[in-house]
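Trainee: Spelled out from the first residue to the last, the chains are:
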Amino acid sequence: MTKRKMTSTSAEELDILEAHLAGTLKTVTPPKDIIQRLSERIHMPDREEITLRLTDWRRLFFVFGGVLSGMLVLITVARTLYYFAGRRDG
Amino acid sequence: MLESDYNEEDVLLHASQGDRDAFGQLYARYVERIFNYVYYRTGNVHDAEDLTARVFQRAMNHIKNYTDRGVPFSAWLYRIAHNLVANWHRDRSRKQEIPLDDLPMLPTKGDHPERNLVRSQEQDALLRMIRKLPGERQNLLILKFVENMSNAEIGSIMGRSEGAVKSLYHRTLLALRDQLEDQNLNLEGE
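First to last, the sequence lines map onto chains P and X. Residue 81 in my numbering sits at position 81 of the first sequence, and the numbers go up by one each step. Add 90 to a position in the second sequence, counting from 1, and you land on the number used in my numbering.
By construction, these hints were calculated from the structure, which means they are not laboratory data. Any given hint could turn out to be false.
Stretches of chain X that chain P covers, calculated by requiring three or more beta carbons in the stretch to come under 8 Å of a beta carbon on chain P [unchecked claim]:
| id | region |
| --- | --- |
| 1 | 145–154 |
| 2 | 267–277 |
Here are the simulated DSBU-like pairs of lysine-lysine, each with C-alpha atoms no more than 30 Å apart in a straight line [what the hints assert, rightly or not]:
| id | chain 1 | residue 1 | chain 2 | residue 2 |
| --- | --- | --- | --- | --- |
| 3 | X | K222 | P | K26 |
| 4 | X | K256 | P | K26 |
| 5 | X | K256 | X | K222 |
C-beta atoms are modelled at their ideal positions from N, C-alpha and C, and glycine is treated no differently.
Bound-form chain X, shown alone (with noise of 0.2 Å):
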């Protein structure tokens, strides 16, 4: 399908129907959207497929109950995805299972494929002090680097005003310099 057929409202009202092609439209559009993020958020391949399936299956269960009242249909899914991933997180803490803190690697978007899988020891660094910080810090950069959100976008999703975003993303900063320097971690300008 051409994406100037695509037509968001058409294809959720078929869906919320129980057109299953409908929903493999909506599928086809947000599947990488939700594994990125839940591939960041969970640090390992497996889970993030597993939750990645789970998120939505969820949705095609409860798409009747989804009613556009101005939150996006992404906002819904994301918010489908974060409930999951914070199920995800509080099992693994009650099970008392080793932290996963290096995240594999996968192939990126827009860059030279030999330059895709190196990362470097900062980018490392940085990745393990990402996650470590609360989820919604965590929700929060996902969105803003690896989705290219806006702040209001970002807003939708996590339920806050545009300007708690901005607050909360600068705050954000400054804990994670306040880190970098607690580790004495310089990074270089690039």
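Chain P on its own, in the form it takes in the complex (with noise of 0.2 Å):
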């Protein structure tokens, strides 16, 4: 009798639980400007997969050397302008 009894009281106290469970874990509503960065953040290339393009040596190689051979092709340039304006000057 006072097991039944322990027992009824036990499963009492579960289902007001379950009842507050259900009450504090409600479904939210996230905020429109949230889910509209969301959806503009999806398009974007993931954070991964930048660190891979600059774990990946042979593409880092590839557009340092670009950037190098850029800026050599540039520095010439500006060096045979400077040079043919200082002999038409003197």
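Dock chain to chain to rebuild the complex, using the hints, since each chain is given by itself in its own frame.
Mentor: Listed below in structure tokens is the structure:
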């Protein structure tokens, strides 16, 4: 008798707890601006993708080489222009 | 698009072939559910937004690897979310940041607007207790109450049998009840 009463009390307690959980853990509605920002963000490359690009040494080598070559071309053109301008003045 | 026109198999097939519009449909369908899950697991809106975006970015990058082996797409998404949230918690514990106990309020569905932004002390206490539970127990409660999933659906996400989920749920309730007793908190019947 006592055991049955204890079991039913325990079941009642759990029912009450479940009701409170249902009242506490409710579905929330994310603000519209968050949803908007999220949709914009999924069109952007993932952070991990950017990190992967940076750890791709071959790609990094070509990018670095390309930037250096570009700078050398610019310096050579600038030097040539300076040389011709100097000859005309002299 | 009408709900009746939506065929997830077709949409998944197109999305896995790189169709961004198809992925957009999946995004529209699941974004709020994933946001809810991450929001309750992280306890703050900012990280929930960031992690939700990363869940979909990762899903978009790996959707070609997703093959339907009886696991629904939603289960696959929740698993991605679960892994990212676990990493987030690990990073936070490494940085020893102050834990966020008080979940900021966001409007809930189906409630009267005036009641939306009021949370009772009992609810606050219960939320704090939930957030101190082990991760898989938190997952279980969120999927059950926030997402209204059945034990079988939760099992497919957590990689457990329906019976194991039922048993874990019962143990979680008992643990919460014991914690309430320890803290002398008495929940009244609603």
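Trainee: Straight-line Cα separation of K256(X) and K26(P) no greater than 30 Å?
Mentor: With Cα atoms ~21 Å apart, K256(X) and K26(P) stay inside 30 Å; holds.
Trainee: Check the hint pairing K222(X) with K26(P) against an upper bound of 30 Å on the C-alpha distance.
Mentor: At roughly 18 Å apart (the allowed maximum being 30 Å), K26(P) and K222(X) satisfy the hint.
Trainee: Per the coverage rule (Cβ-Cβ under 8 Å, at least three residues), is the region 145–154 of chain X covered by chain P?
Mentor: Our answer is that it holds, as 5 residues pass the Cβ test (under 8 Å) against chain P, meeting three.
Trainee: How does the region 267–277 of chain X fare against chain P when you require at least three residues with a CB closer than 8 Å, holds or violated?
Mentor: Contact hint for the region 267–277 of chain X vs chain P: holds, 3 residues under 8 Å.
Trainee: Quickly compare the C-alpha distance for K256(X) and K222(X) to 30 Å and report which way the hint goes.
Mentor: Given pair K256(X), K222(X) holds - Cα atoms ~20 Å apart, limit 30 Å.
This entry satisfies every hint, going by the numbered hints stated previously.
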